[in-house]
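As given, the protein sequences belong to chains A and B, one line each in that order. Note that the first sequence covers residues 41 to 346 in the numbering used here. Note that the second sequence covers residues 41 to 346 in the numbering used here.
Just to be clear, a hint being listed does not mean it is correct.
Same chains, same label: a pair holds when it works inside one copy or across any pair of copies.
[To be verified] Quick list of in silico lysine-lysine cross-link-like pairs, DSSO-like style, CA-CA up to 30 Å:
hint, residue 1, residue 2
1, K51, K136
2, K191, K286
3, K191, K314
4, K191, K320
5, K315, K165
6, K74, K165
7, K315, K47
8, K165, K73
9, K315, K268
10, K172, K127
11, K165, K127
12, K191, K315
13, K44, K320
14, K127, K73
15, K272, K74
16, K74, K127
17, K172, K73
18, K314, K172
19, K320, K268
20, K314, K165
21, K338, K272
22, K73, K320
The hints are simulated quantities; they were obtained by calculation from the structure and are not laboratory data.
2 protein chains.
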Amino acid sequence: MISKLIKKIQKTDAPIVVGLDPNLSFVPESIQKKAFEEFGETLEGAAEAIWQFNKRIVDATYDLIPAVKPQIAMYEQFGIPGLQAFKKTVDYCHEKDLLVIGDVKRGDIGSTSASYAKAHIGTIKVGNSTFKPFDEDFATVNPYLGTDGIKPFTDVCAENDRGIFVLVKTSNPSSGEFQDRIIDGRPLYEWVAEKVNEWGEASMDGDYSNVGCVVGATYPEMGAVLRKLMPKAYILVPGYGAQGGKGKDLVNFFNKDGLGAIVNSSRGIIAAWKKEEYAKYTEEHFEEASRAAVEDMKKDIREALN
Amino acid sequence: MISKLIKKIQKTDAPIVVGLDPNLSFVPESIQKKAFEEFGETLEGAAEAIWQFNKRIVDATYDLIPAVKPQIAMYEQFGIPGLQAFKKTVDYCHEKDLLVIGDVKRGDIGSTSASYAKAHIGTIKVGNSTFKPFDEDFATVNPYLGTDGIKPFTDVCAENDRGIFVLVKTSNPSSGEFQDRIIDGRPLYEWVAEKVNEWGEASMDGDYSNVGCVVGATYPEMGAVLRKLMPKAYILVPGYGAQGGKGKDLVNFFNKDGLGAIVNSSRGIIAAWKKEEYAKYTEEHFEEASRAAVEDMKKDIREALN
Chain A
41 MISKLIKKIQ KTDAPIVVGL DPNLSFVPES IQKKAFEEFG ETLEGAAEAI WQFNKRIVDA
101 TYDLIPAVKP QIAMYEQFGI PGLQAFKKTV DYCHEKDLLV IGDVKRGDIG STSASYAKAH
161 IGTIKVGNST FKPFDEDFAT VNPYLGTDGI KPFTDVCAEN DRGIFVLVKT SNPSSGEFQD
221 RIIDGRPLYE WVAEKVNEWG EASMDGDYSN VGCVVGATYP EMGAVLRKLM PKAYILVPGY
281 GAQGGKGKDL VNFFNKDGLG AIVNSSRGII AAWKKEEYAK YTEEHFEEAS RAAVEDMKKD
341 IREALN
Chain B
41 MISKLIKKIQ KTDAPIVVGL DPNLSFVPES IQKKAFEEFG ETLEGAAEAI WQFNKRIVDA
101 TYDLIPAVKP QIAMYEQFGI PGLQAFKKTV DYCHEKDLLV IGDVKRGDIG STSASYAKAH
161 IGTIKVGNST FKPFDEDFAT VNPYLGTDGI KPFTDVCAEN DRGIFVLVKT SNPSSGEFQD
221 RIIDGRPLYE WVAEKVNEWG EASMDGDYSN VGCVVGATYP EMGAVLRKLM PKAYILVPGY
281 GAQGGKGKDL VNFFNKDGLG AIVNSSRGII AAWKKEEYAK YTEEHFEEAS RAAVEDMKKD
341 IREALN
């Protein structure tokens with residue numbers, strides 16, 4: 041699966057992923073109004089609003105990008121209807137030939153992780169039929185439980201040609217509280233990185249492994265160290281834009297082949313219409329603001345990499 | 041919320057929680073057959089089967105226990121229909137006056153954790169209406185992202201009188217890979233435990249805090265240390281029974297007041313009918329096997345505590 045992602049990155053010349061994390065506050069009034077007229081001020085109404093919002097952003101940007109990353113929490117907060125909107129979004133992005141990174145950050149003991157793996161990147165048998173419950177191409181995974189919590193995911197990666205990104209160093213301000221603590225002379229995130237290499241060995245797909253990792257754009261120095269430490273792992277880099285990461289900070293996350301990283305922006309793209317620099321597109325044409333923000337992000341990263 | 045749980049534990053004389061983690065292999069043929077006849081061999085059919093299975097176990101045990109702990113992965117693996125069965129199970133357990141610990145192990149950066157907290161133990165506004173998306177009483181939470189990933193949950197605990205259990209030392213074989221690593225002379229799980237104390241200070245509810253923790257029954261020596269280290273935190277103890285923890289191992293997790301811990305058993309209760317010692321109840325009356333297994337577990341723990 042990682043080779044498929046790389047091909048799409050090369051084709052679009054865009055090592056970026058659009059985070060489809062739709063809070064209602066990002067959704068223009070007119071879309072909310074229409075959804076609420078049809079479904080009431082209900083979870084169904086909210087789910088319809090975020091789905092219509094997503095659809096217009098995807099329609100306006102799919103030719104520019106290789107992948108999207110819906111953050112499932114933003115859908116889960118609207119209960120079952122929200123998760124139905126998540127699934128509709130995944131399916132629609134596949135129709136548009138986009139790869140989907142499910143930002144689900146799941147992880148549990150072995151038998152339970154196996155169920156999460158089936159749910160998100162695998163298949164499940166019911167009687168003689170087989171289903172793909174959520175059908176993402178990649179999922180993000182939390183490493184706190186160690187190898188037996190990860191292995192069910194890597195097994196599914198191997199069986200189904202899917203991928204995962206393991207949290208190594210997250211983008212948030214307090215990520216260092218545990219992740220930066222020193223163990224035998226090295227921070228915890230480096231020990232996790234060593235395991236990412238180990239977990240990824242059995243899932244090589246071309247020059248890279250289907251087992252990638254997450255390292256926040258907000259920590260570029262650590263990104264440089266981790267880039268070298270995990271030469272075969274693709275790095276999913278959140279924290280660009282709204283969280284403070286900038287284009288020049290991103291160079292550290294790439295290999296010399298210009299590959300090895302894919303940078304996520306969520307609010308910076310999907311809520312671009314609310315920012316002064318894109319206000320000219322107006323609320324009504326919010327998806328054009330998103331398209332312009334994607335083009336600017338591509339330019340920012342291209343310039344930083346050259 | 042923790043004081044409510046304690047009252048129910050005292051009333052039932054049962055510091056135990058039944059893990060409603062229904063794999064299809066635990067569900068008797070007759071229930072599966074009926075569900076598949078109605079909904080086909082589909083995700084809907086599987087979801088109906090696990091819901092009917094849960095209902096009969098809850099009906100047969102609710103008067104003996106204070107709480108249940110559905111593991112959401114077991115529902116998520118059946119996609120949207122599975123999550124609908126999860127929600128139905130939560131609601132039905134509330135009707136039966138059981139408290140519900142959602143074993144969701146969520147955790148992310150601050151703004152995202154806020155959405156998970158709303159989804160599982162909080163409320164969300166849509167227009168002028170307010171909803172409780174999944175409406176659990178407690179949720180389990182992963183600490184890898186540090187304080188700003190936990191705070192949205194503790195905020196909701198304070199606002200809505202709900203609780204969380206933070207993973208400290210998990211029950212699985214490879215939990216030590218990261219959790220046991222030594223940082224400044226102490227294992228990582230102790231540093232997480234210190235934070236659990238800190239996070240719990242603002243959420244005291246009687247003698248205990250609404251911020252509890254998870255420590256596996258499979259690590260009783262560590263349980264003893266952690267019990268002392270977090271005197272105000274209720275410990276949710278998985279790993280009893282199928283994972284190898286025994287009654288005598290559990291003493292370490294309790295305080296001298298006989299409180300401070302609640303022990304989970306999943307397979308040991310819900311799949312009791314498949315074990316030789318409960319075979320006499322037969323597959324047809326599987327819920328009576330579950331009831332007998334709950335009574336045996338209560339006796340095992342009571343004897344260990346006396």
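Structure-based check of all given hints:
1. K51 / K136: within (15 Å within a copy, 57 Å between copies)
2. K191 / K286: For K191 and K286, only the inter-copy Cα distance (27 Å) is at most 30 Å; the intra-copy one is 34 Å.
3. K191 / K314: between (42 Å within a copy, 27 Å between copies)
4. K191 / K320: For K191 and K320, the Cα distance exceeds 30 Å both inside one copy (49 Å) and across copies (37 Å).
5. K315 / K165: The answer is between: 24 Å across copies meets 30 Å, while 47 Å in one copy does not.
6. K74 / K165: between (39 Å within a copy, 17 Å between copies)
7. K315 / K47: neither (32 Å within a copy, 51 Å between copies)
8. K165 / K73: between (40 Å within a copy, 15 Å between copies)
9. K315 / K268: So K315 and K268 fail the 30 Å test inside a copy (36 Å) and across (51 Å) alike.
10. K172 / K127: both (11 Å within a copy, 21 Å between copies)
11. K165 / K127: For K165 and K127, the Cα distance is within 30 Å both inside one copy (19 Å) and across copies (22 Å).
12. K191 / K315: Between copies only: 28 Å across, 42 Å inside.
13. K44 / K320: Answer is neither; intra-copy 36 Å and inter-copy 54 Å both fail.
14. K127 / K73: Cα proximity of K127 and K73: in one copy and across copies (23 Å, 28 Å).
15. K272 / K74: neither (47 Å within a copy, 49 Å between copies)
16. K74 / K127: Cα proximity of K74 and K127: in one copy and across copies (21 Å, 28 Å).
17. K172 / K73: between (33 Å within a copy, 22 Å between copies)
18. K314 / K172: between (36 Å within a copy, 29 Å between copies)
19. K320 / K268: The answer is neither: 42 Å in one copy and 60 Å across copies each exceed 30 Å.
20. K314 / K165: Close across copies (21 Å), not inside one copy (45 Å); limit 30 Å.
21. K338 / K272: within (24 Å within a copy, 51 Å between copies)
22. K73 / K320: The answer is within: 22 Å in one copy meets 30 Å, while 60 Å across copies does not.
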